[in-house]
Structure formats: C-alpha cells, structure tokens
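Visitor: Here are the chains, one letter per residue:
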Amino acid sequence: MKSPEAIAVAAILGTVSLAFAAGTTPGKPMKMDEPMHGEMKKQNMKKGDVKKAAEKKALKMKPVMEKEAAGAQKR
Amino acid sequence: MEAAQAQWVKVHPLVVRVTHWINAFAILIMVASGWRIYNASPLFGFRFPNDLTLGGWLAGALQWHFAALWLLVLNGIVYVGYGIFSGHFRRKLFPLTPRAVLSDVLAALRGKLAHDDLAVYNAAQRAAYLAIILCLVVLVLSGLAIWKPVQFQEIAWLMGGYEGARLVHFFAMALMVLIALVHIVMVILVPRTFPTIITGRARRMS
Amino acid sequence: MKKRSMETSLADHRGKLIRSIERRLFLKQGLSLGALALLSGCELTDGEGVQKMLLAMSRWNDGAQAWLFNSTKLAPEYPESAITKPFPFNAYYGEDEVRLVDAASYKLELSGLIREKKPWTLPELYALPQTSQITRHICVEGWSAIGKWSGVRFSDFLARVGADATAKYIGFECADDYTTSIDMATALHPQTVLTFRFADQILPPKYGFPMKLRIPTKLGFKNPKHITAMYVTNEYPGGYWEDQGYNWFSGS
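Residue numbers (numbering that gives the first Met the number 0), protein chains in the order written: chain F, 0 to 74; chain Y, 0 to 205; chain C, 0 to 251.
Check each hint, because a few of them may be wrong.
Unchecked claim - Below, a sample of chain C positions facing chain Y; criterion: calculated Cβ distance under 8 Å: (1) Asn-69; (2) Ser-143; (3) Gln-243.
Claimed, not checked - Listed below are the simulated PhoX-like cross-link pairs for lysine-lysine, each with C-alpha atoms no more than 25 Å apart in a straight line: (4) F/Lys-40 - F/Lys-66; (5) F/Lys-66 - C/Lys-106; (6) F/Lys-55 - C/Lys-116; (7) F/Lys-61 - F/Lys-41.
As the list claims (entries may be wrong) - Negatives, chain Y to chain C, calculated, CB over 12 Å: (8) Val-15; (9) Trp-69; (10) Val-77; (11) Lys-91; (12) Ala-127; (13) Ile-145; (14) Trp-146; (15) Phe-170; (16) Leu-180.
Because the hints were derived from the structure by calculation, they are not lab data.
Predicted, not measured: the structure shown is a model, and the values here were computed from it.
We put the CB at the ideal spot given by N, CA and C, even for glycine.
Generate coordinates for the entire structure from the input sequences, incorporating the hints supplied.
Guide: Take a look at the structure:
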C-alpha cells in the first residue's frame, strides 16, 4: 500500500506546509480566552469552549465505543 | 343592543380568519428570524438592526425559521386549498384587470377609494392579496432551493442556482413586507375593517 | 357601485358605536403588540418551553431531511473556470491560529463499529485510489464558494476498513478540537470524499491539512477539517455546533 513517492511527499509536508498559507502565518497558539471568530458564534462563546466540549464528548463517547465494539465482536 | 343595530353582514369566513392570523404570526417569525439569518452573510451592503430580529444568534434564528416554516406551509396549504376548492379565490379575488387595479390605486392615493361593502374586495385589494399569496409561494419555493440545493436542485436551477435562489428569496421577502406594510397602513386608515377579520362580520352600511 | 369618499364613509361611523369598536381595536392591537414584544424580547424566547419546542422541531427536521435525502442524487459539479478564487477561510478561530499538523507523525485513528482499527498514516491514505470533484461549498451563514477537492471516496474507505454500514452515525474528532458527526446514508453517498488535496495541491493548513471530509450534500460545518479520529456508532454523537443548537442533519 505504501508508495515511496507518497512517503516522500508526506515527509516534507511538515516543513513546507507553512508555504501554502498566503498572507498570514498559521500555527500561532490559539488564544483560548478570546471570543470566537466568525458569524456562527453566540456572543459570549470563547475559542476554548470547543476544546472543553471535545474533552467532555470524548469522555462520554469512550465507554459507548468500548461497549459497542465488544458487542460487535460477540456477534 | 337595539334591534335596528343588529344588521350584520358576513365578511370573512372562519377558515379565512383563522388562517389569516396563523399566517400573520408565522410570517412575523419567518421575517424576523430571516433577517437575523441574512445578517450572518449579508447579500447587500446593509444589515437589519438586531433589535428587529428573532433568535438572538444565528442558530437560534435558524431554529425559529425552520420551525415556523411548517406552520407557514401547512397553514398555507389549508388556505390555498380552501381558496381554490370553495370558490373563495374565484369569488373574492377575480375578476382582476390591470385597468381596475390602476384606477383603484389612484383613488386610494387621493383618499377617495370607497369601501362600503367590506365583503367585496376592491381591485387594489384583490391585486395586493393575490400578490402576497404569490410572494409566499415564491418564498417557499426559493426557500426550499436554499435549504436543499442538492435535493431540490431543479428548483434552484430555475432561479439561477443557489446564489440566484438567495436573491429571489430576498426580493420576494422585500416585496411581501412592503405589501404587508401597505396592508397594515390601510387597516389603520380604515379601522372598521379590523374587527371583521376577527369576528367575521360587519355592520351593514345603509 | 356607488363610490363615496373615505372621509364621509368614516364620518358615517363616528358615533357612539365607533367608540366601542375603537376600544376593542385598541385592546386587540395592544394584545398583538404585547405578543410581538414577548416574541422578540427574552421573556418568551429564552423560556425553557420554547427552547424545548424549537429543539424538538430541529429533531423533526433531522427526520424530514433524512427522508428527503436521495442517496443517488448528485450535487451539481462545475467546470474549473467556476472555482472561487480565493477560496474563503472559515473557522471559529483566526487564519493565523490554524493548527499545524505534523505530517510525519500523523495517524488517523479509527474506533467503534469498525473491523480493522489499525491507524492510517498519510502515505497509506495517499496510496488509495483517488477521485476529484468541483462542487459548491455552502456555509450555514449563507455564503457559498466553489472549490476542487481530491481524495478517496469515503464509501470505499469505509468498506476497506470494514465499517459497519448498518450503523447509524460516524463521528469525527479534529486536530483543532472540533467535533461533528454525520448519518451513514450521507457517509456512503458517492460524492462524500475523504480529501487530501485542494485545487490539485496538498491540502493547505487553512483548508484542513492533512484531510477534510468533503460532503457536497451537507453544509460546510458538517465537512470536518484536520480529522484525527473517526468512529462508527449507533449512539448519537452530536458535534460542537450541533450541541449548541445548529441543526444536526444540515443536509443540502
């Protein structure tokens, strides 16, 4: 499945991916306490809310995943 | 109440009165939430004042818009179905000629438009009510095209695609709001028409 | 029909009768104004009952959209000349805060109702058969833009890893902490593509390096970028915006 060409492409991507962003330099650490960008947000939403919600969701879904995977193996 | 005063004429059937108010309520929600949705990505160089909008934020406005949509459409089906099959549209909205509309509109602008029998719509009224029905049909169709530009891509295509459907939706809204405002102004100018859309009857004129 | 001026017809009615009508009118107008004020104010819209009703309607709309969804109906495709340049950047953070994912150490994690849960590296993913599409990306905010994405058809990928196609949902976790989930019918749609390229270039960070699930039958926020993990489940997973009140199905 692995082609040498694809490996080469992937290997250099980490360093050259910066070049694709025109104008601004991506990768600055996200300021979690700042209000969110864009028109989808509610006024008081902070960027950090997304991370908190993701952690909560991962905790909620993990036991479900394990239970479902175990059930699937039994079948 | 003296017997002499108890001369009533039937103006609006019950179905029309009920669907009128449900429609008014649904349109109020659709327009106010729609303006909030518009504000998230304005088509033109202005936004609607947030105080005039409903929903508080984009997701809230979308929830209102897509909930009231069902009220508007189901109510509209009842009204249009009744209008067609009972002969209500044929009796009340027709015949309608451009000449009659023009002359009645001019008369209304001079404040000289008679409205003796509230059960009979003048040509200006007929044109306005018919236009608002057509606006709503276009609004629902363009709304479907914006909501489902893949599943209903045929409707979207008729309107010049997704972006075209957005424009159609906006202008149909603008025209409908304009007609509704004129409608409200007329009711304020001729306030005795107002109770008839609630009670369905009016006192005989002569 | 005898025409009389509005003034005279109004004058006919100026009497003791009109006063009672006016009183009623005032009352009714007052009531409708009150209802309007309640509607646009916070009293009613923040009410728990109303919020519950709106959420119930949103769920109902999920069902209606699943019913409307036609798995063989394709999103319109466009010529290269229709591509929007520059393609807009959109996220809950600024363009300078785009998360950079390290290509060499990247792994796509799989879990849930999937037979082969071995993580995938980028070279492995790039080696899969690729397909391209030029489709319209439609944002829930209203704007739209046409772009070209290339990658592996998602249904092919799901078949390859042995995902349970009878399961209801596929959930996604992203490097920028974003989460979302989609229905299985949409996941198996022929135009749902796990993309690695944008405009024939390796997906730049701002468009979701290393991969974006491109779903032309769903709104933009249902097209996750920077995907790091996915799972197949029968338990409703929701998503960041969906949990905040955006409609879950959000199909086009």
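Visitor: Hint by hint, say whether it matches the structure.
Guide: Do the hints match the structure? See the list:
Hint on C/Asn-69 holds. Least Cβ distance to chain Y is approximately 6 Å, under the 8 Å limit. Evaluation of the C/Ser-143 hint against chain Y yields a held restraint, the C-beta minimum of about 6 Å falling below 8 Å. Interface restraint check for C/Gln-243: the shortest CB-CB distance to chain Y comes to about 6 Å, inside 8 Å, so the restraint holds. Restraint check for F/Lys-40 and F/Lys-66: not satisfied, since their Cα atoms lie roughly 34 Å apart, outside the 25 Å limit.
Only pairs whose Cα atoms come within 25 Å are accepted, and F/Lys-66 paired with C/Lys-106 is accepted, the gap being roughly 24 Å. Of the pairs offered as hints, the one joining F/Lys-55 and C/Lys-116 holds, with about 23 Å between alpha carbons and a cut-off of 25 Å not exceeded. About 28 Å separates the Cα atoms of F/Lys-61 and F/Lys-41, which puts this hinted pair outside 25 Å; it is violated. In this structure Y/Val-15 is separated from chain C by more than 12 Å, as the shortest Cβ-Cβ distance comes to about 17 Å.
Residue placement check: Y/Trp-69 does not keep its beta carbon more than 12 Å from all beta carbons of chain C (closest about 7 Å). Listed as a non-interface residue, Y/Val-77 keeps its Cβ farther than 12 Å from every Cβ of chain C; the least gap is roughly 19 Å. Its beta-carbon lying about 15 Å from the closest one in chain C, Y/Lys-91 satisfies the requirement of being farther than 12 Å from that chain. Remark: the non-interface label on Y/Ala-127 is consistent with the geometry, its nearest Cβ contact in chain C lying 17 Å away (cut-off 12 Å).
Its closest Cβ contact with chain C, about 8 Å, brings Y/Ile-145 to no more than 12 Å, contrary to its assignment away from the interface. Some Cβ of chain C comes within 12 Å of the Cβ of Y/Trp-146; the nearest lies about 8 Å off, and the non-interface call is violated. Once the 12 Å rule is applied to beta carbons, Y/Phe-170 is consistent with being away from chain C; the minimum gap is 15 Å. Annotated as non-interface, Y/Leu-180 keeps its C-beta farther than 12 Å from every C-beta of chain C; the closest such distance is 15 Å.
The structure is inconsistent with the numbered hints 4, 7, 9, 13, 14, although it conforms to all the rest.
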